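Guided by the hints, dock chains H, Z and G onto chain W, whose structure is given.
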Amino acid sequence: MMPDLEMTTAQQPEQKQQLQPKFDIRVQHADFSLQDVYQQLAATPYCGAVVTFVGLVRDHPELQLQALELEHYPGMTEKALLQIATEAAQRFDLKAVTVIHRIGVLAPQQQIVLVGVASAHRGSAFAGAEFIMDYLKTKAPLWKKQHDANGTAWVEAKASDQAQQQKWQ
Amino acid sequence: MMPDLEMTTAQQPEQKQQLQPKFDIRVQHADFSLQDVYQQLAATPYCGAVVTFVGLVRDHPELQLQALELEHYPGMTEKALLQIATEAAQRFDLKAVTVIHRIGVLAPQQQIVLVGVASAHRGSAFAGAEFIMDYLKTKAPLWKKQHDANGTAWVEAKASDQAQQQKWQ
Amino acid sequence: MIKILFFGALRERLQCASLQMPLNTPCAVSELLNQLRQQSALFAGALADNNLLCALNQQLCGTEVLVQSGDEVAFFPPVTGG
Amino acid sequence: MIKILFFGALRERLQCASLQMPLNTPCAVSELLNQLRQQSALFAGALADNNLLCALNQQLCGTEVLVQSGDEVAFFPPVTGG
Chain W
1 MMPDLEMTTA
11 QQPEQKQQLQ
21 PKFDIRVQHA
31 DFSLQDVYQQ
41 LAATPYCGAV
51 VTFVGLVRDH
61 PELQLQALEL
71 EHYPGMTEKA
81 LLQIATEAAQ
91 RFDLKAVTVI
101 HRIGVLAPQQ
111 QIVLVGVASA
121 HRGSAFAGAE
131 FIMDYLKTKA
141 PLWKKQHDAN
151 GTAWVEAKAS
161 DQAQQQKWQ
Chain H
1001 MMPDLEMTTA
1011 QQPEQKQQLQ
1021 PKFDIRVQHA
1031 DFSLQDVYQQ
1041 LAATPYCGAV
1051 VTFVGLVRDH
1061 PELQLQALEL
1071 EHYPGMTEKA
1081 LLQIATEAAQ
1091 RFDLKAVTVI
1101 HRIGVLAPQQ
1111 QIVLVGVASA
1121 HRGSAFAGAE
1131 FIMDYLKTKA
1141 PLWKKQHDAN
1151 GTAWVEAKAS
1161 DQAQQQKWQ
Chain Z
2001 MIKILFFGAL
2011 RERLQCASLQ
2021 MPLNTPCAVS
2031 ELLNQLRQQS
2041 ALFAGALADN
2051 NLLCALNQQL
2061 CGTEVLVQSG
2071 DEVAFFPPVT
2081 GG
Chain G
3001 MIKILFFGAL
3011 RERLQCASLQ
3021 MPLNTPCAVS
3031 ELLNQLRQQS
3041 ALFAGALADN
3051 NLLCALNQQL
3061 CGTEVLVQSG
3071 DEVAFFPPVT
3081 GG
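Residue numbers (our numbering), protein chains in the order written: chain W, 1 to 169; chain H, 1001 to 1169; chain Z, 2001 to 2082; chain G, 3001 to 3082.
EDC-like cross-link-like pairs, simulated, lysine to aspartate or glutamate; straight-line CA separation at most 20 Å:
| id | chain 1 | residue 1 | chain 2 | residue 2 |
| --- | --- | --- | --- | --- |
| 1 | H | 1139 | G | 3064 |
| 2 | H | 1022 | W | 59 |
| 3 | W | 158 | Z | 2049 |
| 4 | W | 139 | Z | 2064 |
| 5 | G | 3003 | G | 3031 |
| 6 | H | 1022 | H | 1036 |
| 7 | H | 1139 | G | 3049 |
| 8 | W | 22 | W | 78 |
| 9 | W | 139 | W | 69 |
| 10 | H | 1158 | G | 3049 |
| 11 | H | 1139 | G | 3072 |
| 12 | W | 79 | W | 24 |
| 13 | H | 1079 | G | 3072 |
| 14 | W | 145 | Z | 2012 |
| 15 | H | 1139 | H | 1069 |
| 16 | W | 22 | H | 1059 |
| 17 | W | 79 | Z | 2072 |
| 18 | W | 145 | W | 59 |
| 19 | H | 1022 | H | 1078 |
| 20 | W | 139 | W | 24 |
| 21 | W | 145 | W | 69 |
| 22 | Z | 2003 | Z | 2064 |
| 23 | H | 1139 | H | 1024 |
| 24 | G | 3003 | G | 3064 |
| 25 | W | 139 | Z | 2072 |
| 26 | W | 79 | Z | 2071 |
| 27 | W | 158 | W | 71 |
| 28 | W | 22 | W | 93 |
| 29 | H | 1079 | G | 3071 |
| 30 | W | 145 | W | 62 |
| 31 | W | 167 | W | 87 |
| 32 | W | 139 | W | 161 |
| 33 | H | 1145 | G | 3012 |
| 34 | W | 139 | Z | 2049 |
| 35 | W | 22 | W | 36 |
| 36 | H | 1158 | H | 1059 |
| 37 | Z | 2003 | Z | 2071 |
Hint data in this document are derived by calculation from the structure and do not stem from the laboratory.
Keep in mind that this is a model prediction, so the values were computed, not measured.
For reference, chain W alone in the conformation it holds in the complex:
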């Protein structure tokens, strides 16, 4: 961040506060609005890039998915997501980060998770958003149960998610 040459001493505390990244972390049953989140992110001062990721309940042609059920560890989930967002913001110089994860029973095509970041430049925005998703997938205490034509089963963790997260280390 370049110094603000016109900044007076009196304005300093306010200006400094603006330079801290803004975090908005939510774990909720309710659906969310990408538009609302985007408008908040796009209003971040001196930002040129906003990247958003939305994860949806995905059906397969041959797997008649009825629902996904999301269980979580109340209290820890929010802390874990804030830690991940904070690490991403420091590492990629993000100015604002929003993470919303839904819990409960979700039907196919419904929204599960939203990650949105605002940054000065596109490279850091893409990297920051993907970093958050990769860490969320392996570090945030959430578990999926799948209800489909074959019955009910807990979703198994994927080795590929572990490998993807380790790429950032």
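Leaving out everything else, chains H, Z and G in the frame of chain W:
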């Protein structure tokens, strides 16, 4: 994409058509709505991931930007963007791609460009969207002129954009 | 006393979401796991899984960390959110 | 005849957005550039830039490609969209 076991011969043409990626490419003076684009992308069958990038006119604390002026090569811009989107869709198995680029005079904080992709998985969605932006930055015939406190000047191409695009080769 | 929580498939298999346990002296999570395994064949089987994760006071941790009275310890399968 | 287009800073420097040129036999873009440079000192200066890009019929191309009658050729500075 897995074969649809319940697919009958009569349904085949329609089913096949659904599996082709959908492209929506626009070059326009008018502003755009991320929400409208997102809703279209999120409705893509069997997609679990939607990534969007929005580029905004970025101001600096010490550079009083008044406006950006976007010139383009009518006809070629649309073709170049469709080529880039098509290559990204093949390479990353994207199911739907939207690219909107504005032209004309834009004030600070206004939206310039939107890239949105839908894919089965998050990794390909992130990679596809970033690929499109990196190629757009070096291959699409658009030029920016900057109006600020120091006067008017054409924006210089950045070596870093060239390097970023070459990473995909 | 400490509070112990289980989540996901582990909670379902144990048919137990949480339990309280007395703790006189600090002990490692690995020690605590051994005590839990001795509760029943069900616990022994479910807690034998090497892939289990644990958290101390809502922070992911290794089994070598020390648990003290008043702490909250959680065990759960690899996470599958997102 | 061929149609030649200029964009961005190059268009502004040349004060010319497009021109028509007769073309009897196909020639390389590099050849065409040489002819254009001979038009005036202004053209010679502006078209000396090694960073210029060119497009044949709205497709980026190298200066070795052949231009034929009816083609549209464009010259422009490195792009800065996005």
